[in-house]
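Visitor: This is what each chain is made of:
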Amino acid sequence: MTDAELIEKLKADLGDKVAEIANPARRRLFLKVAPSDIIAVTTRLHDAYGVVFLSTISGVDNGETFEIVYHFSTPETDFNLRTEIPRADPHLASITPVIPGAILYERELQDMFGMIVDGLPDPRPLVLPDDWPAENYPLRKDWKHTRPEEVIPGGKS
Amino acid sequence: MKIAAFLPELLRHLFKKPATVDYPFKKLEVPKDFRGTPYLNTEMCIVCRACERDCPAEAIEIASVNEAEKRFRMVIHNDRCVHCAQCVDSCPTTPKAMHMDRLFEIADDDRHKMKKDWIYVRAVLKPKAAAPAPQAAGPTA
Amino acid sequence: MSFQVPIGPQHPALKEPISLRMTVEGEVITDVDIRLGYNHRGLEKLAEEKNWIQNIYLVERICGICSHSHATCYVQGVEKLMELAPPRRGLYIRYLVSELERIHSHLLWLGVAGHEAGFDSFFMYTWRDREIVMDLLEMISGNRVHYAINTLGGVRRDLDEGQKAKILEGMVTLRKRSEYYFHIGANEPSFVGRIAGVGLLPKDKVVALCAVGPTARASGWARDVRKEDPYAVYGELDFEVATADTCDVLGRVVVRVKELLESYKLCEQMVRNLPAGDIAVKAPRKVKPGEVVSRYEAPRGENIHYIKANGTDKPERLKVRAPTLANYPATVEMLRKGFIADIPLIFAAIDPCICCAERAVTLVKAGSGEESVVRMSDLRRQAIARHQNAPVKRNAVWPL
Amino acid sequence: MAVVRTLLYLVVYPGLLFLFVYSTFCEWFDRKVYARLQNRMGPTHTGRFGLLQPIADFFKLMAKEDIVPEASDKRLFTVLPIIGLAVVSTAGLLLPVWNFDLANPGLTSFSGDIIVVLYLLSLPTLILFLAAWSSTNPFSTIGGARVLTMLFGYEVPLFLTILSPAILADSWRLAEIAAFYQAKPLLLLTNLLGFLVAVIAVQAKLERTPFDIPHAETEIVGGTFTEYSGKKLALFRLTFDIELVISSGLLATVFLGGFPGGAVVGFIHFVVKTLFVIFLLSLLRALTSRIRIDQVVSFAWKYLAPLAVLQLLVAILLKGLLS
Amino acid sequence: MLNKLARWSRIKSPWILHLNSGACNACDIEIIAALTPRFDVERFGILLKATPRHADVIIATGPATRQMRDRIIRIYDQVPDPKFVIAVGACAMSGCVYRGAYNIMGGIDQVIPVNMYVPGCPARPDAIIDGVVKLLGKL
Chain A
8 MTDAELIEKL
18 KADLGDKVAE
28 IANPARRRLF
38 LKVAPSDIIA
48 VTTRLHDAYG
58 VVFLSTISGV
68 DNGETFEIVY
78 HFSTPETDFN
88 LRTEIPRADP
98 HLASITPVIP
108 GAILYERELQ
118 DMFGMIVDGL
128 PDPRPLVLPD
138 DWPAENYPLR
148 KDWKHTRPEE
158 VIPGGKS
Chain B
507 MKIAAFLPEL
517 LRHLFKKPAT
527 VDYPFKKLEV
537 PKDFRGTPYL
547 NTEMCIVCRA
557 CERDCPAEAI
567 EIASVNEAEK
577 RFRMVIHNDR
587 CVHCAQCVDS
597 CPTTPKAMHM
607 DRLFEIADDD
617 RHKMKKDWIY
627 VRAVLKPKAA
637 APAPQAAGPT
647 A
Chain C
171 MSFQVPIGPQ
181 HPALKEPISL
191 RMTVEGEVIT
201 DVDIRLGYNH
211 RGLEKLAEEK
221 NWIQNIYLVE
231 RICGICSHSH
241 ATCYVQGVEK
251 LMELAPPRRG
261 LYIRYLVSEL
271 ERIHSHLLWL
281 GVAGHEAGFD
291 SFFMYTWRDR
301 EIVMDLLEMI
311 SGNRVHYAIN
321 TLGGVRRDLD
331 EGQKAKILEG
341 MVTLRKRSEY
351 YFHIGANEPS
361 FVGRIAGVGL
371 LPKDKVVALC
381 AVGPTARASG
391 WARDVRKEDP
401 YAVYGELDFE
411 VATADTCDVL
421 GRVVVRVKEL
431 LESYKLCEQM
441 VRNLPAGDIA
451 VKAPRKVKPG
461 EVVSRYEAPR
471 GENIHYIKAN
481 GTDKPERLKV
491 RAPTLANYPA
501 TVEMLRKGFI
511 ADIPLIFAAI
521 DPCICCAERA
531 VTLVKAGSGE
541 ESVVRMSDLR
551 RQAIARHQNA
561 PVKRNAVWPL
Chain D
875 MAVVRTLLYL
885 VVYPGLLFLF
895 VYSTFCEWFD
905 RKVYARLQNR
915 MGPTHTGRFG
925 LLQPIADFFK
935 LMAKEDIVPE
945 ASDKRLFTVL
955 PIIGLAVVST
965 AGLLLPVWNF
975 DLANPGLTSF
985 SGDIIVVLYL
995 LSLPTLILFL
1005 AAWSSTNPFS
1015 TIGGARVLTM
1025 LFGYEVPLFL
1035 TILSPAILAD
1045 SWRLAEIAAF
1055 YQAKPLLLLT
1065 NLLGFLVAVI
1075 AVQAKLERTP
1085 FDIPHAETEI
1095 VGGTFTEYSG
1105 KKLALFRLTF
1115 DIELVISSGL
1125 LATVFLGGFP
1135 GGAVVGFIHF
1145 VVKTLFVIFL
1155 LSLLRALTSR
1165 IRIDQVVSFA
1175 WKYLAPLAVL
1185 QLLVAILLKG
1195 LLS
Chain E
62 MLNKLARWSR
72 IKSPWILHLN
82 SGACNACDIE
92 IIAALTPRFD
102 VERFGILLKA
112 TPRHADVIIA
122 TGPATRQMRD
132 RIIRIYDQVP
142 DPKFVIAVGA
152 CAMSGCVYRG
162 AYNIMGGIDQ
172 VIPVNMYVPG
182 CPARPDAIID
192 GVVKLLGKL
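For the record, the sequence lines run as chains A, B, C, D and E.
The first sequence runs 8 to 164 under the numbering used here.
The second sequence runs 507 to 647 under the numbering used here.
The third sequence runs 171 to 570 under the numbering used here.
The fourth sequence runs 875 to 1197 under the numbering used here.
The fifth sequence runs 62 to 200 under the numbering used here.
Hints are not guaranteed to be accurate.
Reference excerpt, derived from the structure (chain D facing chain C, CB under 8 Å, subset only) [as the list claims (entries may be wrong)]: (1) R910; (2) L911; (3) N913; (4) R914; (5) H919; (6) I1041; (7) D1044; (8) S1045; (9) R1047; (10) P1059; (11) L1061; (12) T1064; (13) I1165; (14) Q1169.
In case anyone wonders, no lab produced these hints; they're calculated from the structure.
Source: prediction; values computed, not measured.
In this text, a Cβ means the ideal position worked out from N, Cα and C, and glycines have one as well.
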């Protein structure tokens, strides 16, 4: 199945759940979905299109919103599901009931962006250190790190 | 499944010369394009700062020493250098002002000794202006 | 009665910091908890502050074993964003290095697996022969580990005839040696006894937990980015995807050895068919806005970079997903109901590259005496309980 | 005079000093062979051919800081290495290298000394277990439990195999057993199977690969030794080096015909035969990978014990034939 | 006399502990490569030890990450005196490419005292041996 055929099929199948489908390169499909539909679309893709493998979930800080891209891949095509959630209320539904392997990536999103993933079986921090101050999310664009002064042992500078 | 499948190989090596290179006493050959430590050929440098800009590890620092004489100071922090040779690639002059030598045994107990610095004069393209370079050139570290 | 054993962050089986907290009953593991973060370095944030060229070297230093795979994955993506077409000779050299890296990584892994099982001779011999491929890589790129051969638009160093001959010669020796190691690995009873039937991961779990690379292929799930999404030169080369269906550590050894043999084949093809021409094209400093998903088959599995550009000379976002991270849920699954003695092997079987997985993110060594104190009576009770309900392991008998 | 002789006997030869020198030499030999089997050089630059390497290790550890962990049982923790060393050195005195005189049995050669040696060689295992236990580290604890589990595996086959030459020689005295086989060297061949079983069992007793489970580096860090440092570790290492010498000496006495020919020639026999046994042990170490604790026990009971019993049967049948 | 003996034995038998505090693996595999037949550091009596209690020399690789800092100090404290630290690779010296990342404390010397620096990214096995030899020469 070529990419164009697949797009037609997806459009007919998913209807208004998908806002737009872009195909910037061969084998790369970008689908835009509303955050409320993410589980429904994932389930549909999982059941009907054999999209069982989640490569990763990327988060991007766009200023007012957080953009989340789910990268799925099948032997034929890569599906990239894109959704946006407002920064003021960063709630996201977990897709772990459909794909259990998503857990690490969703925990990472929580750590790095401060999104709140609802329905995560194990919401502890994943990557940040134990003594990390709360409410600091390193991958947000407005979070800046000030470097500690480097002291080279041995006296003279 | 065989018992002691490895036995012949082991016994064969018992009487063979070991594969070991007796390192500090016999040196290993490094290949001819080996990326050792970077150094600056002060005569060629035009202070374009391309190397400083592209260095991934902040290992190169160029600072002005004397604005009037156009004297500059370049410090290469060997303790930060990742030996990627991007500074050589970025260097726009021909022949290149930046070079890599083949040194790698530069372990030391003092990080300050790993800085190498050069003081050089910005080469002006007219040849006569390049005269006062010699007394300032050369590694001072 | 169960007590907790902390493995890592400083533990001889793991050369890298990660913390596994094992709840064990006697010798049997009942629960595992992974704590990452000891190796978290904050690379994704840092990448947003460096320019496109600096990022090649930054990304390369995500991992020392698969350094070239991260760099290639990144460079591939950026080249797509820049709409550059690297010359064919450059591409061939780039993917030749990536296959040589796969060889070095798999030989290293074979040795490490031997070491974890206490089979030190095996370790010494594989690592001795690994020096051959290290020498080749050093000859091509000028450094033993971080090759730094990629640049935007091609590669930085060319190959000459002498080097081509040396590579071919090296491949012949290595192929002979690999076949020998395969023979040893499959025949030494104590070694096979340690790895057969250990760390079972059925195919449905592989799919559910999104495992990648040899871990997935050893369970019969033939996914290989080189085959299903052939990037650059792989479409025109002849190779097969190695699989096994034993779902255990033995299967993973078999898959890796098979992949070694495939890689020798690929290297020979690439050296023989090396096209003439330039090795690189000039790349602009700035990238127009856009986004790209770049996939690459690293020695450990699928490596995926998501790059977003915003029109400046720095990326807007660089997301790196290394194969090891994807394999963690599967590892936890494999460790359950295993023996303490299996921990290093199972963990080694995914060929963990913790630095990759955490990029910018560790298990805890209890070091000494500060962990739980177990009483004699408890131990006795444990021992009794273990003998009463020790789980029966498939193939766990001495296979003489 | 007798006091001085006894003192010399205990302290110099064949007591501590000799055992120290010879066991360090054996460790060097073991390490060197192991390295050469792996196509490496092994210790080279300490003394001539690296001969002084184990001695350097020993003195370095003696000069290091000695840490006793807070949580440990301090008295037990401190005293165990010394007891261990005393026990194996005592076992060393009983070998028939230095008391070959059959007619004049001294204090250290008596009927039944073979049993005493065997038990003295078992004691370090128990001491190791206690040492692991008293350090209260989780890794040590697991190591300690493994030590005991393994003891159940290899001890019976070892005893059974050593029993069969003794039965054939009809004696419980090491010197007499050796003398019996020196008179009839052909009978040694009948014990070949027993010898192999005993080598494997000794390997397990010494906790070397494939049986280095109690201190398996990659699994449980230092295992039993995790908390030991400095002098105590040095003494433990020495204990195990001496145990290596004594066990190989015991095997040489029982299975390789002892050490005939008086003080000098007998001593040469001793060196050659123990080194041969140690070579076999090194080979075994290089040849295999570490096995799991459950595999040790099942291997010992499924293969080693039946073979040992078979050997015993052969010995008994043969004895019937001979008489 | 005793001091001389202790010094000699210390030079001749340095046991190392490999401490990875967030390195990229490159230096680590080069340290392991130094144990293998080509370089074989056992020639100098160097053994890789598993527990800090047995070690004399800590070979540290990688920039010190924030999470790892307390563990590094703990491991350093567990090594019995006299102890030495060798920082291998650019990251362990200064943080190299990771300088300025939020989770990095800088080089190992920002956390524990370091006796010898071995540059390189990664340091070649020869360079590591060279560093160890230079350290031993200083004793």
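Visitor: Evaluate each hint against the coordinates.
Guide: We went through each hint and held it up to the structure:
no., hint, verdict
1, R910, "violated (11 Å)"
2, L911, "holds (7 Å)"
3, N913, "holds (6 Å)"
4, R914, "holds (7 Å)"
5, H919, "violated (20 Å)"
6, I1041, "violated (28 Å)"
7, D1044, "violated (35 Å)"
8, S1045, "violated (35 Å)"
9, R1047, "violated (37 Å)"
10, P1059, "violated (32 Å)"
11, L1061, "violated (29 Å)"
12, T1064, "violated (24 Å)"
13, I1165, "holds (5 Å)"
14, Q1169, "holds (5 Å)"
Going through the hint list in order, the structure does not satisfy hints 1, 5, 6, 7, 8, 9, 10, 11, 12.
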